[in-house]
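Asker: Each chain, letter by letter, is given below.
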Amino acid sequence: KAGVTQTPRYLIKTRGQQVTLSCSPISGHRSVSWYQQTPGQGLQFLFEYFSETQRNKGNFPGRFSGRQFSNSRSEMNVSTLELGDSALYLCASSLAQGQPQHFGDGTRLSIL
Amino acid sequence: QQQVKQSPQSLIVQKGGISIINCAYENTAFDYFPWYQQFPGKGPALLIAIRPDVSEKKEGRFTISFNKSAKQFSLHIMDSQPGDSATYFCAATDQTGANNLFFGTGTRLTVIP
Chain A
242 KAGVTQTPRY LIKTRGQQVT LSCSPISGHR SVSWYQQTPG QGLQFLFEYF SETQRNKGNF
302 PGRFSGRQFS NSRSEMNVST LELGDSALYL CASSLAQGQP QHFGDGTRLS IL
Chain B
-12 QQQVKQSPQS LIVQKGGISI INCAYENTAF DYFPWYQQFP GKGPALLIAI RPDVSEKKEG
48 RFTISFNKSA KQFSLHIMDS QPGDSATYFC AATDQTGANN LFFGTGTRLT VIP
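Here the protein sequences come in this chain order: A and B.
Under our numbering, read the first sequence as residues 242 to 353, first letter to last.
Under our numbering, read the second sequence as residues -12 to 100, first letter to last.
Because the hints were derived from the structure by calculation, they are not lab data.
The reader is advised that the hints may include incorrect statements.
[Stated by the list, open to error] Here are the computed lysine-lysine pairs in the DSSO-like style, where the Cα-Cα straight-line distance is at most 30 angstroms:
#1 B:Lys(-8) to B:Lys2
#2 B:Lys45 to A:Lys298
#3 B:Lys29 to A:Lys242
#4 B:Lys45 to A:Lys242
#5 B:Lys44 to B:Lys2
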């Protein structure tokens, strides 16, 4: 069974641009969560989607948004990029709420 | 405010030794405590998890000990191997509620031959 797939693996953007990251969950998994990982702040929760609805949101500005499609695939968008947005963005999927979360290998976003 | 506190920040253990990583939490609503292992360039991989209705869970060389009254839990890696060298994260969540994981700050484990 394929794991969580995130694309692209690496991305370089400049300040002010916007970016879209993609996540394909494990087959059959309906819940998708996004996390940001940085050396300074560690792993922080961004948001969770289930059945195309955002169910929970972390403490991040409105520049960070996401969506989930009917096939459970999810995208995350960051607008007006700032230098501090440089991070590893991780997607995790689970069968449903209350089930273990399994992570992809992330998208490394660098802002110049 | 860090919801889950993890120590030590780094750990060096001889091959064959026992690695012990400790975590503490404050939120009594947390009901699921997983441990993740992360290698460089990879995402965190679920290693083992425990719920507060048991005090210990063992899977192979990995054991979680859980102390509900102290709000602490720890990971023990028996017979540590160089291949165990990675960063370990404890986490906690309220699965009946928000379900988002709160992570510790990570422990970089190095197992020397």
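Asker: Could you run down the list of hints and mark each one as holding or not?
Answerer: Hints and how they fare:
{"no.": "1", "hint": "B:Lys(-8) to B:Lys2", "verdict": "holds, 27 angstroms"}
{"no.": "2", "hint": "B:Lys45 to A:Lys298", "verdict": "violated, 33 angstroms"}
{"no.": "3", "hint": "B:Lys29 to A:Lys242", "verdict": "holds, 18 angstroms"}
{"no.": "4", "hint": "B:Lys45 to A:Lys242", "verdict": "holds, 25 angstroms"}
{"no.": "5", "hint": "B:Lys44 to B:Lys2", "verdict": "holds, 23 angstroms"}
Checked against the numbered hints given earlier, the structure breaks only hint 2 and satisfies all the rest.
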